[in-house]
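Asker: The lines below spell out each chain.
Number of protein chains: 4
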Amino acid sequence: MTQALEDFLRRLDREIRAAGDWGEVADYIPELARIDPAQFGIAVALPGGGVLTAGQAGQRFSIQSVSKVFSLACVLGRIGEQIWTRVGREPSGRRFDSILLLEQEQGRPHNPFINAGALVTTDELVTGRAPKEALAEILGFLRAAAEDDDIHIDKAVARSETETGYRNVALANYLKSFGNLKNAPEITLGTYFHQCAIEMSCVQLARAGRVIAGLPGTPQMLTPLKARRISALMMMCGHYDGSGDFAFRVGLPGKSGVGGGILLIAPGRASIAIWSPGLNGYGNSRMGSYAAERLARETGWSVFA
Amino acid sequence: MTQALEDFLRRLDREIRAAGDWGEVADYIPELARIDPAQFGIAVALPGGGVLTAGQAGQRFSIQSVSKVFSLACVLGRIGEQIWTRVGREPSGRRFDSILLLEQEQGRPHNPFINAGALVTTDELVTGRAPKEALAEILGFLRAAAEDDDIHIDKAVARSETETGYRNVALANYLKSFGNLKNAPEITLGTYFHQCAIEMSCVQLARAGRVIAGLPGTPQMLTPLKARRISALMMMCGHYDGSGDFAFRVGLPGKSGVGGGILLIAPGRASIAIWSPGLNGYGNSRMGSYAAERLARETGWSVFA
Amino acid sequence: MTQALEDFLRRLDREIRAAGDWGEVADYIPELARIDPAQFGIAVALPGGGVLTAGQAGQRFSIQSVSKVFSLACVLGRIGEQIWTRVGREPSGRRFDSILLLEQEQGRPHNPFINAGALVTTDELVTGRAPKEALAEILGFLRAAAEDDDIHIDKAVARSETETGYRNVALANYLKSFGNLKNAPEITLGTYFHQCAIEMSCVQLARAGRVIAGLPGTPQMLTPLKARRISALMMMCGHYDGSGDFAFRVGLPGKSGVGGGILLIAPGRASIAIWSPGLNGYGNSRMGSYAAERLARETGWSVFA
Amino acid sequence: MTQALEDFLRRLDREIRAAGDWGEVADYIPELARIDPAQFGIAVALPGGGVLTAGQAGQRFSIQSVSKVFSLACVLGRIGEQIWTRVGREPSGRRFDSILLLEQEQGRPHNPFINAGALVTTDELVTGRAPKEALAEILGFLRAAAEDDDIHIDKAVARSETETGYRNVALANYLKSFGNLKNAPEITLGTYFHQCAIEMSCVQLARAGRVIAGLPGTPQMLTPLKARRISALMMMCGHYDGSGDFAFRVGLPGKSGVGGGILLIAPGRASIAIWSPGLNGYGNSRMGSYAAERLARETGWSVFA
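Residue numbers (the working numbering), protein chains in the order written: chain V, 1 to 305; chain W, 1001 to 1305; chain D, 2001 to 2305; chain S, 3001 to 3305.
Mixed in with the good hints there might be a few duds.
Residues from chain D that face chain S, not an exhaustive set, calculated with beta carbons under 8 Å [unchecked claim]:
id : residue
1  : R2089
2  : S2092
3  : A2156
4  : F2178
5  : A2184
6  : I2187
7  : G2190
8  : P2224
9  : R2229
10 : S2231
11 : A2232
12 : C2237
13 : P2253
14 : V2303
Derived by calculation from the structure, the hints in this document are not laboratory data.
Quantities reported herein were computed from a predicted structural model and do not represent experimental measurements.
Built from N, CA and C at the ideal position, the CB exists for glycine as well.
The following block holds chain V by itself, in its conformation from the complex (with noise of 0.2 Å):
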């Protein structure tokens, strides 16, 4: 099994390359809107410790909202199901960075992988502390997760959102007039720019997967309920309003971010990161998904299988 995907992995990535249907990048981050699309890699990490890779899986990448779901990892450890009074559990039908809902829903965001959710669990992750704390936590359980110390923030990318992503200081303000922000909007703003700025590459992102995935030999940092969840949770949120599509070819729990990331999870099987920085309408990576729907098919790796 292990060569046969190798295989495929190795041919997916050729195919890839030569349809040339890379998608545009995100240009609302000035600093990231000068990568160059017509880049793709995949990482595989499978049970017992190997990592399959094709194409450009050693190259970092900014995981922005992937980081969505080990801040939430991080929250669920600190203060467990208290976070569900401030935010919910379903999909949100609307883009990634609507305000609109969070106005139908008086401040309290549907879920906590939209930009308005994920600024209320970073904001509960920096209460009562520094956001060098906050951010320490998250990279400290990434760094545990993938067992790799070389995980870091660019600081260029931080300071880049921070200088013009307007939207999410309207969300913050929006939430704090709802009471729904503990700290002063800059100082939860800094955290989540900061932590979407980590970077990675999938072969880190895939090994740090593997506790979600629940992977034998892998650390132990989620209880199984806890990873369950969680996955339940990137199924019906993890790609936004096209969350059902993505559902419905893929199979599998994803999380996608806007630099071209998507980290999958083949329950017990598998964690998976791909990285394509060309984006489709919904703000996921164009071949990203692809390649998503080209591997679960392979493997026959969906959940409803």
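Following the hints, put chains W, D and S in place on chain V, whose structure we already have.
Answerer: For chains W, D and S alone, kept in the frame of chain V given last:
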């Protein structure tokens, strides 16, 4: 395992009856409003043909929206992927009978499991033939899947809905005004009301669901890919705006009906039908949802495990 | 003044015909879709009984939503302020046939001049008697106000709407589902479609409007307070989501119909009817709106002057 | 008439104090939350320069959103009709601080009298110069119109809003994200908070409003066309989602502020300022609205008469 599961079902039945926290029956369909909410039944169909039961598992009830799973299966058999030009695959984030999103989306419903979307699939089934024939196809599918010919439509319930289902009449006419209904609204509506009025017992419904769960030794009526995709849609959209919560708690694809039924799929492992007519705030069976969560926890059958 | 105004009307008529910028006729009512958009008429009823005209001021057209002003007047006569428990008095900020807000507002339409609100007022008129009698009251009001008995319903237009008015059928059934329709939807709808199919010429409509403008020497059919309040509603809601623009440009209360008619009220000074069947993007008469703006500028009849 | 009106104002003042039905003061601006709601003042500026008063007509209060009328007047003087490319002229049908519609409309606010729209006009005023100069222009306009130099900004109120006006910060950043803010959000916001913190008495405000009412013997600061158009906007949008009700009851253009002030325009006849800090459910002065209705009824000053 089978014995332990049977014991659990029996304990669960006793516990639910002791708690007496039944919720309230749907009141907008007069014929359903008369039903005693204090009822509960469960049936678990296993690979190999066995069915475990507890409570009123043999009592027939109106399957209502659970029928949407099977009308979709019939449509996928007839026209395949073309149906997705008329209806989406995304959670709606709104009530099952919402008309609001239909205006925003210009007449293309979010998914085939909210009322507007189910009207579209039924409309497709009735196109080019008489309502009786469309209904015969759905009944035929259910009977073949359940290997039980004693499945029928409750005409009194169908009549009751025809007389008072104003919101569905509104939805059908609204779809028609956007050109997304091929037949006269009263034709599609009549078929839809009859399809929703199909009566089944938990045993029958659990047996019918085996074709989606892909249980060994079941009639081959859906390709594995189709069964997986239907399961994915059930997971994403099967409990309306409570789908995220259901996925989080239960971790299995399910589809609820306002008659109090829930069909639950544990792919490859079991097809489960639960019935309790009292509803929660989302319009899903209150004790049915509770039983689903308990069963999933007891068996470890989450798709995310 | 009268001579100058007459000269202006004639110049305006010539100018509009020369420009040839007519817009397009409504296409969702088959019977109206056939009408030539290149038509224009205007009539100005003055205190003392005189009526100045230009263009096709004697040509009959379907008054459509302009009828809502008079059905409201009849309802205010019958049940007075009670009607406001069923319908609001606020601009809707949305299209005339929007169903979206009806869901947000739980079945209470924003105002009596959007379709949903007009269905409520017509429903009130038909309560406790036959549709024929309700229609006779509206026709009777118009005939008495215009002092002209030759005002009738175009049955072919009424039939055309009955057959294709799916969106109105949706609205009526949706209102019914919220309990805000006293009669069977088809009864209220039938009455509504016939009321909208009343035919009048500009001369007849301008004469009928005198009771709202409160012109001296006019039949006393409305108290001054009622006339003022109807004018206020026309100003706020008479041109759907283009009402603000109309108030800004024209500065007079007006009510448009999809047949291309506009009734314009200059309180105490004149009642004006304009007709040109080509529409703008809001569903209001394109050349009619233009003529209204030109007339208001020429005469200085803004209520804000 | 003057004597009768003066007597009426005195009776009205007594009646309102006797009723003691004051409503509650706005609580989201700490500095305003401390104000005693049991206060009332009214001033009526007449042609020829006379001003009739009753109650606390000389007491200064925070004009808040009433300032939007004058910042719009300044903008129309500077760039004229161009402003309408950035902001609409339609009632919004929603609360004054709604952000929801801004998403639906892609960053173009419905009108210049809701917060989002007023931020756009203030942004235009501060473009190309310092906030101090923009504020000097608004203050200069008010002083010249009122012929009274003793009009100032309450710095404590401005500071209070700067510290807690999270929703306005959200709106400004949201506008910026759509490219509909020319300056840094904090620049526009600072100017806006200071503009809203202008203090005036009823006498000063009534005198300033004379330029919109076009009273004879008033400084010529607006062309008649501009004054009419500002009046039309006040009528359509001056009381947020209670504008229709205000037009129905009062029949005069008006603009309210959350500090409890209302400016009321009877074109050609009077400019009226009313103040009572307790608010109704729409965020408009409770007793101020009542007084406006009573005054309009007493004088017959409806624009629709």
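Asker: Decide, hint by hint, whether the structure agrees.
Answerer: Verification of the hints:
Checking R2089(D) against chain S: minimum C-beta separation of about 4 Å stays under 8 Å; hint holds. Interface hint status for S2092(D): upheld, as the beta-carbon distance to the closest one in chain S is roughly 6 Å, under 8 Å. With a cut of 8 Å, the hint placing A2156(D) at the interface with chain S is violated, because the nearest CB-to-CB distance is about 35 Å. This hint is violated: F2178(D) has a C-beta 19 Å from the nearest C-beta of chain S, more than the 8 Å allowed.
Taken as an interface hint, A2184(D) does not check out: its beta carbon lies about 30 Å from the nearest beta carbon of chain S, beyond 8 Å. At a threshold of 8 Å, the smallest CB-CB gap from I2187(D) to chain S is about 29 Å, leaving the interface hint violated. Against a cut-off of 8 Å between C-beta atoms, the interface hint on G2190(D) is violated, since the closest Cβ of chain S lies about 29 Å away. Interface hint status for P2224(D): upheld, as the beta-carbon distance to the closest one in chain S is roughly 7 Å, under 8 Å.
Restraint check, R2229(D) versus chain S: the minimum CB separation of about 6 Å is within 8 Å; hint holds. Residue-level restraint check for S2231(D) holds (minimum Cβ-Cβ distance to chain S is 4 Å; threshold 8 Å). Proximity of A2232(D) to chain S holds as hinted, the smallest CB-CB distance being about 4 Å (cut-off 8 Å). With 8 Å as the threshold, the beta carbon of C2237(D) comes within range of chain S, its nearest partner Cβ sitting at about 7 Å, so the hint holds.
The closest approach between the C-beta of P2253(D) and any C-beta of chain S is roughly 7 Å, which is under the 8 Å cut-off, so the hint is satisfied. Annotation: interface hint on V2303(D) holds; nearest CB of chain S at approximately 4 Å, less than 8 Å.
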